[in-house]
Amino acid sequence: MNTLSGTWSWLTTATHWSGPDGIGNRLGEHLFLTVVCLLLSCLIALPVALVLGHLGKGGALAVNISNIGRAVPTFAVLVLLLLTPIGTYGQWSTIIALVLFAVPPLLTNAYVGMREVDRDVVRAARGMGMTGRQMLWNVELPLALPLVLTGVRIAAVQLVATATLAALAGGGGLGRIITAGFNLASTPQVVAGAILVAVFALLVESLFEAGQRLAPNWGREAA
Amino acid sequence: MTAPPDDCLARNEWICGAYLSSRREILWDAALQHLQLTALAVLIGLALAVPLALAARRWRWAAGPVLGLTTILYTIPSLAMFSLLLPVYGLSAALVVTGLVLYSLTLLVRNILAGLRAVPEETRQAARGMGYGPLRLLLAVELPLALPAAMAGLRIATVSAVSLVTVGAIVGYGGLGNLIYSGMNTYFKAQVLTASVLCVVIAVAADLLLLGAQRLLTPWTRRQA
Chain B
1 MNTLSGTWSW LTTATHWSGP DGIGNRLGEH LFLTVVCLLL SCLIALPVAL VLGHLGKGGA
61 LAVNISNIGR AVPTFAVLVL LLLTPIGTYG QWSTIIALVL FAVPPLLTNA YVGMREVDRD
121 VVRAARGMGM TGRQMLWNVE LPLALPLVLT GVRIAAVQLV ATATLAALAG GGGLGRIITA
181 GFNLASTPQV VAGAILVAVF ALLVESLFEA GQRLAPNWGR EAA
Chain V
1 MTAPPDDCLA RNEWICGAYL SSRREILWDA ALQHLQLTAL AVLIGLALAV PLALAARRWR
61 WAAGPVLGLT TILYTIPSLA MFSLLLPVYG LSAALVVTGL VLYSLTLLVR NILAGLRAVP
121 EETRQAARGM GYGPLRLLLA VELPLALPAA MAGLRIATVS AVSLVTVGAI VGYGGLGNLI
181 YSGMNTYFKA QVLTASVLCV VIAVAADLLL LGAQRLLTPW TRRQA
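If you're matching them up, the sequences are chains B and V in order.
100 is the number that the numbering used here gives to position 100 of the first sequence; each next residue is one higher, with no gaps.
80 is the number that the numbering used here gives to position 80 of the second sequence; each next residue is one higher, with no gaps.
Watch out, some of these pointers could steer you wrong.
[Unchecked claim] Footprint (simulated), chain V over chain B, 3 or more residues, beta carbon under 8 Å:
no., stretch
1, 61-75
2, 151-165
3, 184-194
4, 201-207
[Unchecked claim] Okay, the calculated beta carbon distance ranges per label pair:
no., chain 1, residue 1, chain 2, residue 2, range
5, B, Arg213, V, Leu43, 32 to 42 Å
6, B, Asn138, V, Pro65, 39 to 49 Å
7, B, Met130, V, Leu139, 53 to 63 Å
8, V, Thr218, B, Gly129, 28 to 38 Å
9, B, Asn2, V, Arg60, 36 to 46 Å
[As the list claims (entries may be wrong)] Some chain V residues close to chain B (C-beta under 8 Å, calculated; not the full set):
no., residue
10, Leu67
11, Leu69
12, Ile72
13, Leu79
14, Pro87
15, Val159
16, Ser160
17, Thr166
18, Tyr187
19, Cys199
20, Ala203
Keep in mind that the hints were calculated from the coordinates and are not lab data.
Every residue, glycine too, gets a C-beta built ideally from N, C-alpha and C.
Bound-form chain B, shown alone:
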């Protein structure tokens, strides 16, 4: 297999790992994009979902946002933002597009998690004289946590996958190795980049899976 050996020698060439276009730097960019966007989208989606779930309102909103989010191509959003004035400010167009992409699964899972908490438990908490805030923090949130975390995991993996698309719109990240390979018409580099991206995505997926296994016992059932 010509491509395989070419890919292998591309991956094992030391100069491909260092420098601004090197694998190390691209991996760092990819990780940075994923982490920043995950934190931002959690900060936006989770408070909204938890409060709406606590109040028991906005279910249709969460589902609809989720459905619309699926229909809008992320690549289109990336390019649209790039062509607006935001596009001139470094990575911001990429970050905004990725956050918009990660919010729907977080919102839906957190909302559903809050609503699926046993109503008897909630009534018992109210009977014990808990305030709404105490109920949210001490009863509903701990019980909803498995589904909330599943949402975070889905969002994280999708972010890793979608951050790859940033390269199509001139952004950084591991996808850049693939697009550069296309521009050089170098199939070994394209395949090497694809393998790196795939391994990174699978690594993040298994990391979250291991994290969920290590979580407290009640976290295991709903997942």
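Position chain V against the provided structure of chain B, taking the given hints into account.
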């Protein structure tokens, strides 16, 4: 450019009627390619998913590997998936279709399997008692009852496929994604916005169409509700 200097194309506006009328053919071709790629991928995905789901249900040992493998395929980013298939297919439409088929498999297999598993055992026994053989049981009882869950998966797979086709622009077979890609490189705002909106319109239309088909195919679910 033969266009007069003071129209919306020359001013590079986001919304431009002149663009729509002058590039109607290009838009039509791109939308058609988009539809063909999506439809082909979803149909092939469905043709593969049904036997896989049936096998996973029939033999307990098959369920783990089938679900595990399709989930791993789903985790691989789309750009990487298309790139990994490059040595096999070269720059072709088959590459995009294969990538999309692999994506739709997870959603379809999971939902069909969930639907099949949700068929009540009593229903199955009643059919058997009425003298239904395994094949007739499957075709006349189990598959129809699994249809609502399967259709839910099909809708998600189709909508996702419509939006993922755009990434195929990297190999030149991205339907409307091609227009977005070239519009980005030439800073052509009207082209990018028009193609993006068309993508969403196609996704929503496909979703509604499948919803309608589901209602027609499963009249019994309406009577209950």
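### Query
In this structure, is the beta-carbon distance linking Thr218 of chain V and Gly129 of chain B contained in 28 to 38 Å?
48 Å, violated
### Task
Hold the hint about Leu79 of chain V up to the distance rule: shortest CB distance to chain B must be less than 8 Å.
Status holds, d = 5 Å.
### Query
Counting residues of the stretch 151-165 of chain B whose CB is closer than 8 Å to a CB in chain V, do you get three or more?
This one holds; 6 residues, not fewer than the three required, reach chain V with a Cβ under 8 Å.
### Task
Return the status of the interface hint for Ala203 of chain V: holds when the least beta-carbon distance to chain B is below 8 Å, violated otherwise.
4 Å, holds
### Task
Have a go at the Pro87 of chain V hint: is there a Cβ in chain B nearer than 8 Å to its own Cβ?
It holds, given that the least Cβ distance between Pro87 of chain V and chain B is near 4 Å, below 8 Å.
#### Entry: Closest C-beta approach of Val159 of chain V to chain B relative to 8 Å, hint status
Hint on Val159 of chain V: holds, closest Cβ of chain B at ~5 Å, below 8 Å.
### Asn2 of chain B paired with Arg60 of chain V, Cβ distance criterion 36 to 46 Å
Holds - the Cβ-Cβ distance for Asn2 of chain B and Arg60 of chain V, about 42 Å, lies within 36 to 46 Å.
### Query
Counting residues of the stretch 184-194 of chain B that have a beta-carbon nearer than 8 Å to any beta-carbon of chain V, does the count reach 3?
holds (count 5)
### Supplied distance hint 32 to 42 Å, evaluated on CB atoms of Arg213 of chain B and Leu43 of chain V
38 Å, holds
#### Entry: Residues of the stretch 201-207 of chain B with Cβ under 8 Å from chain V, three needed, outcome
holds (count 3)
### Task
Have a go at the Cys199 of chain V hint: is there a Cβ in chain B nearer than 8 Å to its own Cβ?
This hint holds: Cys199 of chain V lies near chain B, its Cβ roughly 5 Å from the closest one there, short of 8 Å.
### Query
At a Cβ distance under 8 Å, does chain V reach at least three residues of the stretch 61-75 of chain B?
Per the Cβ count (7), the hint holds.
Hints 8, 10 and 11 from the earlier list are contradicted by this structure; the remaining hints agree with it.
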